[in-house]
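A.B. asks: Put together the whole structure using the sequences plus the hints.
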Amino acid sequence: MTIAPSNSWEIQLFEPPEDAIYTIEATSHLVNASRRRILVYCKHHLVSPANGTAEHGYYFDRDAIHTLRRIETLRTVCNKDFAGIKIILDLTAALERLRRDIRLLSRAKGSDSARKNPRTDRSRKRRYR
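For the sequence shown, my numbering gives the first residue as 9, with consecutive numbering after it.
If you're looking for bench data, these hints aren't it; they were derived computationally from the structure. Think of the CB as a built atom: it goes at the ideal place given N, C-alpha and C, for glycine as much as any other residue. Some hints could be false.
Said to hold, decoys possible - FRET-style restraints, in silico, Cβ to Cβ: (1) R43 with A116: 42 to 48 angstroms; (2) S114 with N59: 31 to 37 angstroms; (3) A28 with A116: 30 to 36 angstroms; (4) D120 with K88: 18 to 24 angstroms; (5) H52 with I29: 20 to 26 angstroms; (6) T100 with K51: 16 to 22 angstroms; (7) L97 with G118: 29 to 35 angstroms; (8) D71 with G92: 17 to 23 angstroms; (9) L113 with S42: 41 to 47 angstroms.
C.D. replies: Written out as structure tokens, the structure reads:
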């Protein structure tokens with residue numbers, strides 16, 4: 009059995025567990041960015057280490073890993089325009105929140121209408137002439 013050589017980009021397929029916390033060294037390997045670059049991103053408030061970890065070193069959670077991967081992707085487009093990257097990250101986060109809210113409202117509306125009108129969908133069709 010032959011094992012194919014590993015490509016450094018394959019590490020991005022790893023999905024960190026929700027409750028995992030990673031050192032800056034492990035994080036740099038997961039996102040394929042140097043420790044120094046990650047610290048620059050922290051300095052420019054593009055990403056924050058996990059709460060309460062800065063005094064004993066920098067540690068990053070799953071959300072930070074996702075954010076750092078986005079930053080690395082955006083860096084290829086925006087170069088070193090940290091303000092542009094920050095705007096894109098903020099807009100992306102706002103869009104994700106809105107989509108989540110829409111899904112929740114759609115589910116709530118669907119369950120409310122099912123309780124109010126137990127008739128089949130066929131009875132609610134409109135006729136157009």
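A.B. asks: For every hint, state whether the structure bears it out.
C.D. replies: Structure-based check of each hint:
Take R43 and A116: their Cβ atoms lie about 45 angstroms apart, and the range 42 to 48 angstroms holds. Between S114 and N59 the beta carbons are some 33 angstroms apart, a value that agrees with the proposed interval 31 to 37 angstroms. In this structure, A28 and A116 meet the distance hint of 30 to 36 angstroms, their C-beta atoms being roughly 32 angstroms apart. Look at D120 against K88: about 49 angstroms separates their beta carbons, and that is not inside 18 to 24 angstroms.
A hinted range of 20 to 26 angstroms holds for the C-beta pair H52 and I29, which are about 22 angstroms apart. Checked against the hint of 16 to 22 angstroms, the C-beta distance between T100 and K51 comes to roughly 21 angstroms, which is consistent with it. Here the CB-CB span from L97 to G118 is close to 32 angstroms, well matched to the stated 29 to 35 angstroms. For D71 and G92, the hinted distance range of 17 to 23 angstroms is satisfied, since their beta carbons lie about 21 angstroms from each other.
Checking the proposed 41 to 47 angstroms range against L113 and S42 shows it holds: the Cβ atoms sit about 42 angstroms from each other.
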